[in-house]
Each structure stands twice: as C-alpha cells, then as structure tokens.
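Next come the chains, spelled out residue by residue.
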Amino acid sequence: MTDTILLGTRKGTVMIDRRGAGWRPRPILHAGVPVCYAARDPRDGTLWAALDHGHWGPKLSRSRDGGKTWDDISSLKYPEGARHIAQVLPTPDFDPEAPAGTPEYANATVYKIWHLAFGGPDQPGRLYAGTIPGGLFVSDDGGGTWELNRPLWNHESRGGDLFAGDATSENQWGGTPASIDYGVFEPGIHSIIVDPRDPNHLHVAVSSAGVLESTDGGKTWAGRNRGMLMDYLPNPEADWGHDPHFVTQCPGQPDHLWQQNHCGVFYSDDGAQSWKKVSDPNTGVNFGFPVAVDEQDGRTAWVVPGRSDAQRMTIDGGLFVARTEDGGQSWQALRNGLPQENAHDIVLRHALDVSGDCLCFGSTTGNAYLSEDRGETWQCLGNNFPPIYSVRLG
Amino acid sequence: MPTIKMTSHLYRFFPQLQDRTLAAPPGSVSEVLHAINEQAPGFTDYVLDERGVVRRHVKLCINDTIVIDRKTLADQVEDGDTLFIFQALSGG
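If you're matching them up, the sequences are chains A and B in order.
Quick note: the first sequence uses full-length UniProt numbering, first residue 1, plus one each step.
Quick note: the second sequence uses full-length UniProt numbering, first residue 1, plus one each step.
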C-alpha cells in the first residue's frame with residue numbers, strides 16, 4: 001500500500017504522508033528550488049530529486065534518511081569532448097531555400113536532469129539519468145559518479161560519433177522546447193525503462209526523436225518506432241521525428257508498453273517492436289503528456305487528456321482521467337471528484353503515477369488529486385501547490 | 001589580496017563561506033574562483049558549467065566592471081580588487 005507521495009514542483013519537493021484515513025503534506029523540501037522530478041529508489045528507499053536551479057545549474061539531491069536531510073551532488077557532467085549538433089533556430093535572414101550547409105556543433109553542458117530510473121535488484125547502486133541535451137547517464141555507485149552512455153550519444157540517428165569525429169552529421173533528433181519555464185531547443189531524454197525481467201533490456205524515449213531499445217545493457221541501440229504516426233511531418237511514418245511525451249511499461253507484463261505522444265496515445269503489446277494508435281478523440285483521448293499502466297494488466301492504462309497542441313489545457317473546462325481496460329479499444333472518462341467547471345489544468349509527463357489501485361496526479365495549476373479505487377473516485381490533496389512537474393507514489 | 005563578495009544565495013549551499021572575509025591570491029578570474037573552490041569544494045559547479053563557462057544567469061564583476069569574457073575567464077583580479085558574484089534574478 002502506498003503511504004507516501006512525492007511531488008516535484010516549481011518551488012521544491014513535497015512529501016505527502018498517509019495519516020490514518022487522510023493525507024498530509026510535510027513542510028516543503030528544497031524550498032524555492034524548481035524540482036523537475038522526484039522519486040524513491042524502491043531497492044533501498046533512497047529519495048532523489050532533480051533540481052533545476054535557475055542560476056546554479058542542474059543538480060541531483062539525495063536523501064538516505066527518508067527526506068530529513070539531503071545532499072546535493074553535482075557529479076553528473078558531460079565529459080570532455082562530448083559535443084552535439086546544435087539546433088539552428090530560424091533567424092530573420094533564414095532562407096529555407098538555402099539552409100546552412102554545415103552543421104553547427106556545440107559542447108554539451110547539462111541543461112536539465114529530466115528523468116531518473118533505477119537498475120535491477122541485482123544491480124546495487126545502478127542508476128540512470130536522462131538529460132537535456134539528450135544524454136543517458138549511468139551510475140553504479142549510487143550517484144557518486146556518472147558516465148555518459150556513449151553508444152546512445154553517438155548513435156547514427158543523431159549524427160554519429162561526435163567524440164571521435166567519425167560522424168555522418170545527419171541528425172534525426174529534433175529539439176524540444178519542453179522545459180520548466182523556458183525553451184531548451186535540444187532533444188531530451190524523459191523516459192527510461194528498465195525491464196524487470198532483464199536489467200540489460202532498456203528502452204528510452206526522446207522528445208522529437210522517438211523510442212530506442214537496447215538489449216545489451218546500453219552497448220547498442222535501435223529505434224523502435226514502427227507503427228508510429230506523426231501529424232506534423234510530410235512522411236507520418238518516418239523512422240525518426242516522433243514526439244513521445246512519456247513512455248511506460250507494465251511491470252507484470254513487460255511486453256506491454258504505452259506512450260502518450262504529441263500525436264495521440266500509442267500502445268505496444270510486443271515490447272515496442274510495433275505500436276498502434278489507440279486514441280479516441282470522441283472521449284477526448286488524443287493529446288496529453290502522462291500515461292500510467294496497471295502494474296499487472298498491460299491492457300489497462302490511464303491518461304489525462306488535454307486539448308490539442310495549440311491549446312494545452314483541459315477539454316471544455318472539465319478535468320478528467322481516461323482509462324482503458326482493453327488495450328485502448330475503448331476509453332472511459334473518469335470525472336467523479338474532479339472539477340468539471342473552470343478547470344484549466346494541464347498535467348505534465350511525469351505527473352501521473354499508479355501503484356496498485358492508487359493513482360495520483362498533479363497539475364501545473366498546483367492541484368493534486370488522488371484515487372484509491374483505480375480512478376473511479378478522486379479526492380483533492382490540495383489546490384495551492386506550486387506548479388507540479390512530477391508525481392511518484394511509494 | 002583580492003576580496004571576493006557573493007550573493008547570499010550561495011551561502012545556502014556553502015555555509016562555510018558565510019560571515020567571512022573571502023580572499024584569494026591575485027590571478028585570473030578563473031584562478032580566483034578555483035581558489036574559492038579549495039575552501040568550499042563544489043563551489044565552481046554552481047558558478048561555472050562543466051566547460052568552465054560562467055552559467056547563463058550568473059554575472060561576475062571586477063570592482064565596477066562586468067567580466068565580458070565568460071568562457072576563458074582570463075581577466076586579471078589584482079591586489080585590492082574585489083570580485084563580485086551575482087545571480088540575475090527574474091520572474092517568480
């Protein structure tokens with residue numbers, strides 16, 4: 001049973017504890033510091049928060065005493081020589097008929113630590129971090145030291161080996177303006193999945209690129225975007241350029257993966273070898289950011305739909321969660337306990353989680369809601385939180 | 001010896017620097033910052049990125065002159081100078 005909820009917010013980390021029949025937030029942690037992701041390592045209970053200091057650079061913060069004390073660590077850095085193809089934004093003199101012939105490169109620095117994931121039970125100390133710009137970092141000592149996964153950094157889809165110079169420079173990873181308060185037009189890794197059957201089996205998802213899979217612990221990577229459809233590119237079935245907002249996996253049926261994508265909800269029941277679009281615009285299920293999948297049943301998933309790309313807010317002013325129990329063939333709108341008038345919340349990619357029958361989500365409007373019956377009914381945990389970026393149960 | 005003054009925000013992370021007169025041997029801005037790092041390990045990670053470049057929302061001044069060279073930090077801080085470290089605040 002879930003007894004603690006972790007929120008990453010614009011003004012710090014919020015821990016909410018079960019107190020009898022109710023829930024009560026503790027005094028805010030990391031007060032005043034934007035926290036883009038906070039989670040608990042299920043293996044040893046260590047708490048993690050990805051801090052997004054506006055001035056002092058991204059840092060990780062770690063607590064080994066349940067949140068009483070925290071150590072900020074700044075060991076996650078790009079190594080010397082890590083460079084990438086910099087996005088060239090259109091400028092007033094940009095000529096689409098004669099785009100620059102030579103890519104521009106930039107030395108990589110960590111703009112944001114966007115997601116954290118934990119290794120398998122037999123990998124003590126193994127952690128993963130996904131960053132903007134597009135780095136997958138690995139630690140095997142509980143976060144003390146980090147190493148950039150070079151096969152992914154140097155993947156052919158993003159221009160080849162930019163360390164050694166043996167590069168094709170044909171970059172398929174687009175930029176993302178996704179950030180907390182400002183645009184960072186570099187591709188970011190926001191979803192890292194470790195297969196519970198085999199910790200060397202990994203999936204990552206990259207905004208404006210797509211999903212990649214490794215079956216050898218990160219030595220090699222391959223794109224897994226078959227069946228994906230894009231609304232915004234001339235070839236909607238291109239290998240790259242997809243914009244997953246979040247990708248997740250059913251722990252009990254790891255071949256079942258879900259992604260809430262910029263262009264709809266997609267489902268795979270073959271380990272991401274192929275995807276199918278399972279949106280249902282009639283119930284509003286299409287555009288959104290987060291997706292959660294049941295821990296045991298890979299066909300059951302929840303999303304928090306929003307209006308389209310152009311208007312990122314609720315549909316008709318009512319906040320609802322949509323659930324499918326049949327692999328996305330049908331969706332049910334769950335509204336009981338959620339505001340149905342004058343609600344304009346948007347729920348970001350990491351801000352919905354499920355644990356057993358418990359679901360929780362938080363919005364950038366600072367509202368947090370909890371269901372303990374799989375979404376049938378909801379209770380409000382608070383309306384005056386800072387903008388909420390992540391919600392994790394347990 | 002040059003003196004170093006900094007925004008109080010940094011004392012949150014480096015309380016050992018608070019309520020002290022901070023000084024370092026004369027040298028480049030980079031050398032002075034790294035001298036502070038000797039007193040407060042990790043300090044440069046907050047002011048500089050992993051390339052040694054001043055973070056976007058941090059400003060440095062030598063006396064009343066803003067440090068323009070934010071990449072190599074070669075400006076010299078002489079005896080009697082003060083190096084100021086500011087953060088550029090905005091928004092809420």
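I should point out that these hints are in silico values taken from the structure, not numbers from a laboratory.
You may find that some hints are simply not true.
With a Cα cut of at most 25 angstroms, we get these calculated SDA-like pairs of lysine to any residue [said to hold, decoys possible]:
1. K71(B) with G92(B)
2. K71(B) with V194(A)
3. K68(A) with Y11(B)
4. K276(A) with R299(A)
5. K77(A) with D79(B)
6. K71(B) with A164(A)
7. K277(A) with A164(A)
8. K71(B) with R299(A)
9. K59(B) with R62(A)
10. K276(A) with G317(A)
11. K71(B) with E80(A)
12. K71(B) with R20(B)
13. K68(A) with F13(B)
14. K59(B) with E78(B)
15. K11(A) with E78(B)
16. K59(B) with S74(A)
17. K71(B) with E104(A)
18. K77(A) with R62(A)
19. K59(B) with E372(A)
20. K5(B) with H55(A)
21. K59(B) with K276(A)
Selected chain B positions facing chain A (Cβ under 7 angstroms, derived; list incomplete) [stated by the list, open to error]:
22. R12
23. E38
24. Q39
25. G52
FRET-style restraints, in silico, Cβ to Cβ [said to hold, decoys possible]:
26. G142(A) with T72(B): 45 to 55 angstroms
27. Q39(B) with G32(A): 41 to 51 angstroms
28. E31(B) with G142(A): 27 to 37 angstroms
29. F86(B) with S330(A): 52 to 62 angstroms
30. G227(A) with Q39(B): 37 to 47 angstroms
31. H9(B) with R26(A): 22 to 32 angstroms
32. L89(B) with D255(A): 33 to 43 angstroms
33. P199(A) with V53(B): 46 to 56 angstroms
Since the structure is predicted, the reported quantities are computational estimates derived from the model, not experimental observations.
Every residue, glycine too, gets a C-beta built ideally from N, C-alpha and C.
Of all the hints given earlier, name the ones this structure violates by number, lowest first. The structure conflicts with hints 1, 2, 5, 7, 8, 9, 10, 12, 15, 19, 21, 22, 23, 24, 25, 26, 27, 30, 32, 33, although it agrees with all the remaining ones.
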